[in-house]
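Q: We have chain A; now place chain B onto it with these hints.
There are 2 protein chains.
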Amino acid sequence: MAKPIAGPEIERLIQLLAKLPGLGPRSARRAALYLVKKREPILRPLAAAMADALDKVGECSVCGNIDTSDPCTICQDPARDQSVVVVVEDVSDLWALERAKALNAAYHVLGGVLSPLEGVGPEDLTIRQLVERVSKGRVKELVIAVNATVEGQTTAHYLMDQIDGMDVKATRLAHGVPVGGELDYLDEGTLSAAMRARTAL
Amino acid sequence: MAKPIAGPEIERLIQLLAKLPGLGPRSARRAALYLVKKREPILRPLAAAMADALDKVGECSVCGNIDTSDPCTICQDPARDQSVVVVVEDVSDLWALERAKALNAAYHVLGGVLSPLEGVGPEDLTIRQLVERVSKGRVKELVIAVNATVEGQTTAHYLMDQIDGMDVKATRLAHGVPVGGELDYLDEGTLSAAMRARTAL
Numbered sequence: 001m002a003k004p005i006a007g008p009e010i011e012r013l014i015q016l017l018a019k020l021p022g023l024g025p026r027s028a029r030r031a032a033l034y035l036v037k038k039r040e041p042i043l044r045p046l047a048a049a050m051a052d053a054l055d056k057v058g059e060c061s062v063c064g065n066i067d068t069s070d071p072c073t074i075c076q077d078p079a080r081d082q083s084v085v086v087v088v089e090d091v092s093d094l095w096a097l098e099r100a101k102a103l104n105a106a107y108h109v110l111g112g113v114l115s116p117l118e119g120v121g122p123e124d125l126t127i128r129q130l131v132e133r134v135s136k137g138r139v140k141e142l143v144i145a146v147n148a149t150v151e152g153q154t155t156a157h158y159l160m161d162q163i164d165g166m167d168v169k170a171t172r173l174a175h176g177v178p179v180g181g182e183l184d185y186l187d188e189g190t191l192s193a194a195m196r197a198r199t200a201l
Numbered sequence: 001m002a003k004p005i006a007g008p009e010i011e012r013l014i015q016l017l018a019k020l021p022g023l024g025p026r027s028a029r030r031a032a033l034y035l036v037k038k039r040e041p042i043l044r045p046l047a048a049a050m051a052d053a054l055d056k057v058g059e060c061s062v063c064g065n066i067d068t069s070d071p072c073t074i075c076q077d078p079a080r081d082q083s084v085v086v087v088v089e090d091v092s093d094l095w096a097l098e099r100a101k102a103l104n105a106a107y108h109v110l111g112g113v114l115s116p117l118e119g120v121g122p123e124d125l126t127i128r129q130l131v132e133r134v135s136k137g138r139v140k141e142l143v144i145a146v147n148a149t150v151e152g153q154t155t156a157h158y159l160m161d162q163i164d165g166m167d168v169k170a171t172r173l174a175h176g177v178p179v180g181g182e183l184d185y186l187d188e189g190t191l192s193a194a195m196r197a198r199t200a201l
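From first to last, the protein sequence lines stand for chains A and B. Quick note: the first sequence uses our numbering, first residue 1, plus one each step. Quick note: the second sequence uses our numbering, first residue 1, plus one each step.
Source of the hints: derived by calculation from the structure; they are not laboratory data. Just so it is clear, the structure is predicted and the values come from calculations on it, not from any experiment. Some clues are possibly wrong.
Same chains, same names: a pair is fine if it fits in one copy or spans any two.
Said to hold, decoys possible - Below, simulated SDA-like cross-link-like pairs (lysine to any residue); rule was C-alpha separation at most 20 Å, straight line:
1. K37 <-> A18
2. K56 <-> Q15
3. K19 <-> E40
4. K140 <-> D81
5. K37 <-> V62
6. K38 <-> G58
7. K140 <-> Q162
8. K37 <-> A96
9. K101 <-> G176
10. K37 <-> R26
Here chain A stands alone, though its shape is the one from the complex (with noise of 0.2 Å):
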């Protein structure tokens, strides 16, 4: 565009807006202009639940989930089995798992899985520090909820390393057939871990 269609501060929000994932950038523009529309009941408030979010959320210091309070709302929960630690890739594993209530334990967040095409390495990963947690001998159990990705294998290897010799059971999902799902759609690899996984009916 030659020239910008409104004032450069809508310009500039829409440019942010599209920086969002899910927002390309004419749904930018579509959200853009219901923000300015909308300026009372969704603007506002966005702006400031935006400026309370820059104020008060971080990232905890324990397990690196983010959260309010350092260490997290699940690190300081007494109600939790703080000896099994469920190892994710990323914070919004650790929400999906938090969804399902999973397991009532603490987490660690790797942020991210080891990719030597990427340049990921160890130290750019919180291995280190969930090796110093398990080296302090309070956890009991690692479940490694990794992606089952070739990286998110990688990383559970690697990770299954370090530990090695220390005092902790390592475990791992079950594969099998998703709840709710088509087998015709499911790769074989599903397939043949949930066939040799079967249980009593």
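A: What follows is chain B alone, placed relative to chain A:
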């Protein structure tokens, strides 16, 4: 969810983001997570841009465009032919026409279309303001660029009735085959309109 995953600040951010067009609950979560992770590069400037928009952006009292100045940049532009007014339903249509550099003229944003079913009458739109603008005598042509929907056409006809007898020419956008469009995918109405308005090659 029984209890919030993260602090109430993040939950609130997610809920507000989910109200934006194009973002559902799932993508709002991803966006919120992205924002708190990209604190400095994205969250801080976006919060500032929103505060800025809240502060400065408003509706143009002449044409209904959204801008930081009132009258808006377009209404104040001496390089535009202010005697030609393009009538659109929404600011997004104005933006679309501006992106296309369709006409170097002024605009009038109706704020919607007449829709008895949804209870939208003439007093809910800026029709009175438009008639006033025309009656001042400086407008020579109204390009009625409402959408080619039933409501849009009803609104166009109502508008024509209102300016009946005034010294102003009313025009509408040409119907035809979209540039790059495939005939096979076009409806019969568009095809026959394009055929009737065929031009010499």
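Q: Of the hints given before, which are not true for this structure?
A: none
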